[in-house]
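Asker: Okay, here's what each chain looks like letter by letter:
Number of protein chains: 2
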Amino acid sequence: MADSGWPGCSKSLKGVILDMCGVLYDSGEGDGVAIAGSIEAVKKLKASDLQLRFCTNETQASREKFVAKLQRLGFDISVSEVFSPAPAAVAVLKERGLRPHLLVYDGVLPEFDSVDKTNPNCVVIGDAAENFSYQNLNDAFRVLIGLEKPVLFSLGQGRYYKETDGLKLDVGVYMKALEYACDLEAEVIGKPSSTFFKSVLNDMGLQPHEALMIGDDLVNDVGGAKHCGMKGVQVRTGKYRPSDERHPTVTADGTVDNLSQAVDMILNQRRH
Amino acid sequence: MADSGWPGCSKSLKGVILDMCGVLYDSGEGDGVAIAGSIEAVKKLKASDLQLRFCTNETQASREKFVAKLQRLGFDISVSEVFSPAPAAVAVLKERGLRPHLLVYDGVLPEFDSVDKTNPNCVVIGDAAENFSYQNLNDAFRVLIGLEKPVLFSLGQGRYYKETDGLKLDVGVYMKALEYACDLEAEVIGKPSSTFFKSVLNDMGLQPHEALMIGDDLVNDVGGAKHCGMKGVQVRTGKYRPSDERHPTVTADGTVDNLSQAVDMILNQRRH
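Chains Z and U, in that order, are what the protein sequence lines are.
Quick note, the first sequence lines up with residues 1 to 272 if you use the UniProt record's numbering.
Quick note, the second sequence lines up with residues 1 to 272 if you use the UniProt record's numbering.
Think of the hints as simulated: they come from the structure by calculation, not from any bench.
Virtual Cβ for every residue (Gly too), placed ideally from N, Cα, C.
Keep in mind that the hints are not guaranteed to be accurate.
Unchecked claim - To give a feel for the contact side, a few chain Z residues facing chain U, derived at Cβ under 10 Å:
1) Phe75
2) Glu130
3) Tyr160
4) Leu167
5) Asp170
6) Tyr180
7) Ala181
8) Arg241
Start from the sequences and build out the full structure, keeping to the hints where you can.
Answerer: Here you go:
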């Protein structure tokens with residue numbers, strides 16, 4: 001049961017953006033597991049007249065491999081529908097002539113194949129889990145501290161995410177670590193950056209007020225979307241915590257038990 | 001050559017407090033190496049009428065082993081003269097009935113032998129270098145996030161220090177990481193905490209204005225000492241960087257090339 005409000009905007013909606021991890025599935029060993037009802041919910045959205053995109057800060061694998069995993073879990077999804085930070089970062093690096101030192105998951109490295117990485121003049125970090133060893137973080141630190149004007153890009157700024165075996169520290173934690181070590185401010189690529197959300201809206205050809213973001217991360221999904229003029233709904237799956245519903249600065253336009261319930265509410269409102 | 005001012009206080013001085021790593025020696029493989037002139041400088045201070053204490057955020061080993069290392073390097077120093085964060089943390093834990101989950105160097109664990117560590121209700125982190133693996137940081141995070149009122153103690157808040165093979169990330173970086181992950185503020189034990197400096201002054205029976213701190217860390221040594229009412233001088237060894245001399249908020253009372261020069265200036269001023 002949803003015990004919080006629901007945005008009274010379903011009738012004017014033209015598009016929905018879904019976060020992936022914690023909304024569609026919980027990650028963990030192997031492919032992780034689909035969250036109950038979410039495969040069917042995506043099907044219902046696709047059968048509706050709403051546009052649908054997926055927006056993730058997932059940087060553990062290339063988009064191709066990531067989408068293949070979701071397909072194996074049973075989701076009707078294709079690469080062109082998915083927005084993730086690594087391709088966005090590659091575009092920024094090329095535009096500014098920057099050569100990155102990368103501290104990311106091995107699986108996402110192929111996204112950076114086309115980028116010159118010799119004699120690095122910036123650092124890019126993504127969620128790297130076990131690759132966030134002391135040695136690797138220290139190597140990234142030494143690159144930054146050795147630059148005249150250190151530039152740090154962070155693929156997202158999440159605090160933690162949930163895998164099947166529990167909560168895991170996310171990239172934002174290591175971004176803060178390097179920011180403090182080098183006395184700088186990182187440039188965040190991915191949610192909650194408005195630039196990132198706007199690229200998704202552009203792709204759908206929609207204005208912010210015509211779109212709704214559904215995510216499990218109050219700050220990065222809901223807060224980021226609202227900051228950009230969209231509606232934002234939080235699901236009580238994934239990294240949701242009860243204290244999110246009394247967060248000091250971010251209030252969701254609605255809070256529901258899971259994606260299945262969110263989609264039913266949207267589609268029912270549009271029928272009546 | 002010192003090209004910055006020197007505090008005009010040497011004649012009224014009654015005690016000197018020395019930082020250790022980066023002032024007495026550079027750490028690294030094995031025992032590290034004594035900084036040129038520093039062994040002789042300590043001898044001169046001990047032969048003077050000034051009181052002398054050593055104040056370190058070093059938490060790689062127990063004080064006993066740490067002091068033994070300095071003795072092997074040639075320094076005239078004893079355990080009772082050295083103030084370090086671990087014994088201070090043990091006192092705080094016992095006073096407040098807290099049971100720590102420890103993320104520290106293996107070598108400093110013996111300092112915590114007398115503390116109950118079952119069913120932890122707080123986390124203590126110290127410089128842990130390679131022990132700051134993703135897994136270990138995540139374990140500490142899970143303890144904190146599982147507590148009703150998470151309490152994090154950090155043994156120092158340094159950004160980085162210098163070993164013979166280069167700069168290394170210090171505990172403050174991981175403190176910031178956990179602060180962000182858990183949305184809390186750590187309690188710092190060690191420099192630059194005034195509580196810590198005052199315990200050293202108490203041991204000498206001196207008022208702040210009667211003592212001078214000499215360190216290589218502008219913020220933690222010099223800034224901490226000045227905040228507490230002492231004079232603070234920076235040496236251009238260890239982690240010193242030229243940009244320290246135009247730091248926006250902390251200005252040393254003097255900057256000298258090394259400890260040897262600092263001690264000569266103090267003792268010469270007192271003679272004339």
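Asker: Checked against the structure, which of the hints given earlier come out wrong?
Answerer: 1
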